[in-house]
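The primary structure of each chain is shown beneath.
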Amino acid sequence: AQSVTQPDIHITVSEGASLELRCNYSYGATPYLFWYVQSPGQGLQLLLKYFSGDTLVQGIKGFEAEFKRSQSSFNLRKPSVHWSDAAEYFCAVGAGNKLTFGGGTRVLVKP
Amino acid sequence: NAGVTQTPKFRVLKTGQSMTLLCAQDMNHEYMYWYRQDPGMGLRLIHYSVGEGTTAKGEVPDGYNVSRLKKQNFLLGLESAAPSQTSVYFCASSRQGSLITDTQYFGPGTRLTVL
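Sequences listed follow chains A and B, in order.
Residue 40 in the working numbering sits at position 40 of the first sequence, and the numbers go up by one each step.
Residue 6 in the working numbering sits at position 6 of the second sequence, and the numbers go up by one each step.
Since the hints were made in silico from the structure, they are not lab data.
Among the hints, erroneous ones may be present.
Unchecked claim - Cut-off 30 Å, straight-line C-alpha distance, at most; resulting in silico cross-link-like pairs (DSBU-like, lysine-lysine):
| no. | chain 1 | residue 1 | chain 2 | residue 2 |
| --- | --- | --- | --- | --- |
| 1 | A | Lys49 | A | Lys110 |
| 2 | B | Lys57 | B | Lys70 |
| 3 | A | Lys49 | B | Lys14 |
| 4 | B | Lys71 | B | Lys57 |
| 5 | B | Lys70 | A | Lys61 |
| 6 | A | Lys110 | A | Lys61 |
| 7 | A | Lys98 | B | Lys70 |
| 8 | B | Lys9 | A | Lys49 |
| 9 | A | Lys68 | A | Lys49 |
| 10 | A | Lys98 | A | Lys61 |
| 11 | B | Lys70 | B | Lys9 |
| 12 | A | Lys49 | A | Lys98 |
| 13 | B | Lys71 | A | Lys98 |
| 14 | A | Lys49 | B | Lys57 |
| 15 | A | Lys68 | A | Lys98 |
| 16 | A | Lys61 | A | Lys49 |
| 17 | B | Lys9 | B | Lys71 |
| 18 | B | Lys9 | A | Lys61 |
| 19 | A | Lys110 | B | Lys57 |
| 20 | B | Lys9 | B | Lys57 |
Unchecked claim - Some but not every residue of chain A turned toward chain B, in silico, with C-beta under 10 Å:
| no. | residue |
| --- | --- |
| 21 | Val4 |
| 22 | Tyr25 |
| 23 | Gln38 |
| 24 | Lys49 |
| 25 | Leu99 |
| 26 | Thr100 |
To be verified - Chain A stretches covered by chain B per the calculated footprint, using a threshold of three residues with CB under 8 Å from any CB of chain B:
| no. | segment |
| --- | --- |
| 27 | 8-15 |
| 28 | 76-85 |
All residues carry an ideal CB built from backbone N, CA and C; glycine is no exception.
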């Protein structure tokens, strides 16, 4: 069965600084990988997804993620964070029509 | 388009009480899902439906029942609520079930507390 680990429960970053969120997955075949964001009081919104091809994936809101098969990782990055990026971020791996989510990383943005 | 809506937004139950959560989508999606979100555990799939009249179990189905009598609605029922069911419940829908071509759209959630 697939699983996802997000090692960082909380991250605090200054506005304008870069952000990297870690995600490690376990899956026997080629994974389908996703990053979702959940703003306070809201449902989840898809940021980006990877299925095949270029291992660097561009998403919405200036986010990108890089798939590294050798490290079983799919880390999310943003070069310069905005206060509106304060949210909880979830990595997920997909199989069939089902998603398995990691525990999430909560991002706090300092002025 | 309202997208995916959930009713109610908040609810407090006593142990043993029953309730039904309603999810509605206006995107004509075939697939609908119910998840629960607990701190540090991400979202876990409770039940899902691949079309009107069909339902299937997800990862954590015990203590819950579902029905999809109409394509646009997906109901989640708790027959006898337990404190372990205190959680935030999210509904989602997708056009078909393909993770490659489709996107799951999520509702705003229902926060349920069982005392």
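So, going through the hints one by one against the coordinates:
1. Proposed proximity of lysine 49 of chain A and lysine 110 of chain A is supported: the alpha carbons are some 28 Å apart, at most 30 Å.
2. Using a Cα cut-off of 30 Å, the hinted pair lysine 57 of chain B and lysine 70 of chain B holds, with the two alpha carbons roughly 18 Å apart.
3. Proposed proximity of lysine 49 of chain A and lysine 14 of chain B is contradicted: the alpha carbons are some 40 Å apart, above 30 Å.
4. With a CA separation close to 18 Å, the supplied pair lysine 71 of chain B and lysine 57 of chain B stays within the 30 Å bound.
5. With a C-alpha separation of about 35 Å, the suggested pair lysine 70 of chain B and lysine 61 of chain A falls outside the 30 Å cut-off, and the hint is violated.
6. At most 30 Å may separate the alpha-carbon atoms for a hinted pair to count; lysine 110 of chain A and lysine 61 of chain A meet this at roughly 19 Å.
7. Taken as a hint, the lysine 98 of chain A and lysine 70 of chain B pair is honoured in the structure, with Cα atoms around 22 Å apart against an allowance of 30 Å.
8. In summary, the hint linking lysine 9 of chain B to lysine 49 of chain A is supported, as the alpha carbons are separated by about 29 Å, within the 30 Å threshold.
9. This hinted pair checks out: lysine 68 of chain A and lysine 49 of chain A have alpha carbons roughly 14 Å apart, not beyond 30 Å.
10. Annotation: proposed proximity of lysine 98 of chain A to lysine 61 of chain A holds, straight-line Cα distance about 25 Å (limit 30 Å).
11. The suggested pairing of lysine 70 of chain B with lysine 9 of chain B holds, with an alpha-carbon distance near 21 Å, which does not exceed 30 Å.
12. For the suggested pair lysine 49 of chain A and lysine 98 of chain A, the alpha carbons sit about 14 Å apart, so the restraint of at most 30 Å is met.
13. For the hint pairing lysine 71 of chain B with lysine 98 of chain A, the CA-to-CA distance comes to about 19 Å; that is within 30 Å, so the pair holds.
14. At most 30 Å may separate the alpha-carbon atoms for a hinted pair to count; lysine 49 of chain A and lysine 57 of chain B meet this at roughly 25 Å.
15. Restraint check for lysine 68 of chain A and lysine 98 of chain A: the C-alpha separation of about 22 Å stays at or below 30 Å, so the hint holds.
16. Under the criterion of a C-alpha separation no larger than 30 Å, the hint pairing lysine 61 of chain A with lysine 49 of chain A is consistent with the structure, at around 14 Å.
17. Among the hinted pairs, lysine 9 of chain B with lysine 71 of chain B is consistent with the structure: their alpha-carbon atoms are about 22 Å apart, no more than 30 Å.
18. The hinted pair formed by lysine 9 of chain B and lysine 61 of chain A meets the criterion: a straight-line CA distance of about 27 Å does not exceed 30 Å.
19. Taking the CA atoms of lysine 110 of chain A and lysine 57 of chain B, the gap is near 42 Å; set against the 30 Å cutoff, the hint is violated.
20. In summary, the hint linking lysine 9 of chain B to lysine 57 of chain B is supported, as the alpha carbons are separated by about 24 Å, within the 30 Å threshold.
21. Taken as an interface hint, valine 4 of chain A checks out: its beta carbon lies about 7 Å from the nearest beta carbon of chain B, inside 10 Å.
22. With its C-beta approaching chain B no nearer than about 12 Å, tyrosine 25 of chain A sits outside the 10 Å limit, and its interface hint is violated.
23. This hint holds: glutamine 38 of chain A has a C-beta 8 Å from the nearest C-beta of chain B, less than the 10 Å allowed.
24. Look at lysine 49 of chain A: its Cβ gets to within about 8 Å of chain B, closer than 10 Å, so that hint holds up.
25. Annotation: interface hint on leucine 99 of chain A holds; nearest CB of chain B at approximately 7 Å, less than 10 Å.
26. A least Cβ separation of about 8 Å between threonine 100 of chain A and chain B falls short of the 10 Å threshold, and the interface hint therefore holds.
27. Interface restraint, the segment 8-15 of chain A with chain B: violated (1 residues with C-beta to C-beta distance below 8 Å; minimum three).
28. For the segment 76-85 of chain A, the proposed coverage by chain B is not satisfied: 0 residues have a C-beta within less than 8 Å of a C-beta in that chain, short of the threshold of three.
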